[in-house]
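> Sequence:
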Amino acid sequence: MVSGFVSLVIFFLALGMMIFVHELGHFIAARWAKIEVEEFGFGLPSYKLATLFKWQGTEFTIHALPLGGFIRPKGENDPNVPGGLASANPWKRLVVLFAGPLMNLITAVIVFSILIASEGVPVPGKIEIGTVAENSPAQQAGMQDGDILLAIDGESVTEVSPAVALIRENLDQPVELLIERNGEQITLIATPLSSRTAQEGALGIALTYPTRPATLVESVTGGVTVTSIQAATIVYLPIALIQGAIAPDQARFIGFKGIYDLFNYSVEEDVTSRQEVTETQSSGGSAPRPTNYTLNLIGVLSITLGVFNLFPIPALDGGRILFTLPEILFRKRIPMEWENTVNGIAMLLLIGLMIFVNVMDFVNPAQLIP
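Per the numbering used here, the sequence shown runs over residues 1 to 370.
Don't take each hint at face value.
[As the list claims (entries may be wrong)] Cut-off 30 angstroms, straight-line C-alpha distance, at most; resulting in silico cross-link-like pairs (DSSO-like, lysine-lysine):
hint, residue 1, residue 2
1, 48, 34
2, 54, 92
3, 34, 257
4, 257, 92
5, 34, 54
6, 257, 48
7, 92, 34
What the hints contain is simulated information worked out from the structure, not anything from laboratory work.
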């Protein structure tokens with residue numbers, strides 16, 4: 001069991017890194033656009049502990065709340081300040097605003113590319129038993145992680161979907177499973193149970209494909225694909241909720257406690273799986289692949305942070321981009337006083353929503369962990 005302290009440290013480091021990367025994107029884009037940045041702060045804006053150094057007019061500081069970072073561009077809300085953000089060309093402002101979310105998405109691509117490179121590319125044609133649940137019918141029958149499933153009741157299986165269908169056709173009936181382990185074929189008898197939930201699985205096994213090492217191109221392409229699919233899923237969530245395609249609980253916000261719970265579960269699972277791999281290898285057995293839930297969670301949260309900030313909500317990057325579009329399309333700028341007022345009200349509403357979400361994390365926590 002991993003201590004809560006270790007999970008808490010990883011949680012703060014990961015969350016801080018995602019926020020820092022977001023602000024770094026804004027900073028790099030501002031420097032490119034020749035917009036002066038007065039301060040790059042490490043930590044959330046609060047009490048300034050120290051100034052680390054100054055570089056080309058930017059003061060690099062450390063703040064008391066050690067989570068992420070922020071930038072303070074010159075003239076952020078005043079178009080009358082030369083060399084400031086608000087007085088810059090609208091296209092440059094658009095690039096600066098978009099750069100933060102873009103950095104989060106790039107981070108996700110890197111994370112998923114690393115995962116694909118480490119886990120390999122699935123090779124269809126053989127079905128591998130990824131995991132066997134404790135006290136499941138599969139475990140009681142003698143099935144082990146890493147076994148290759150060759151046939152079910154004498155019918156050869158090479159794809160996951162037909163294998164799952166065969167198992168479901170034989171609920172509460174003994175089935176003959178032909179497996180391969182360390183080059184030897186073994187026949188086992190197991191009974192898929194209808195009493196087990198869909199999440200548990202009738203046999204209690206996770207079916208997957210064996211893998212081969214991924215090339216650099218496959219890793220990066222896969223990282224881009226996974227990030228794109230996840231981002232599209234997040235964008236579609238409000239539509240799916242309105243259409244009734246998903247239940248409200250599946251699209252609810254979670255606060256810091258909910259995110260920490262996910263990190264705590266992921267870290268514990270990753271550590272436990274690596275301990276099991278070490279023990280299996282030391283006993284000469286075929287070790288299953290260790291899980292990478294924590295890295296996967298960091299990738300998903302990076303996408304969520306990037307996409308959510310692009311939603312056209314005032315006070316977020318997407319809302320500020322929305323205010324920039326009329327100037328680009330119609331060459332007429334929305335008065336800065338209106339923009340500041342709307343952003344200020346929206347920020348208060350967002351803070352209120354954040355407080356509500358974090359309270360609900362304790363009062364009525366979402367069922368996030370299996």
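> Against each hint, give a clear statement of whether it holds in the structure.
Verification of the supplied hints:
1. Between the alpha carbons of residue 48 and residue 34 the distance comes to roughly 26 angstroms, so the proposed pair stays at or under 30 angstroms and holds.
2. Restraint check: the Cα-Cα separation between residue 54 and residue 92 comes to about 24 angstroms, which is no more than 30 angstroms; the hinted pair holds.
3. Restraint check for residue 34 and residue 257: the C-alpha separation of about 39 angstroms exceeds 30 angstroms, so the hint is violated.
4. At most 30 angstroms may separate the alpha-carbon atoms for a hinted pair to count; residue 257 and residue 92 exceed this at roughly 37 angstroms.
5. Taken as a hint, the residue 34 and residue 54 pair is honoured in the structure, with Cα atoms around 17 angstroms apart against an allowance of 30 angstroms.
6. Among the hinted pairs, residue 257 with residue 48 is consistent with the structure: their alpha-carbon atoms are about 26 angstroms apart, no more than 30 angstroms.
7. For the hint linking residue 92 to residue 34, the alpha-carbon distance of about 9 angstroms falls within 30 angstroms, and the restraint holds.
Hint check: violations occur at hints 3, 4; the rest are consistent with the structure.
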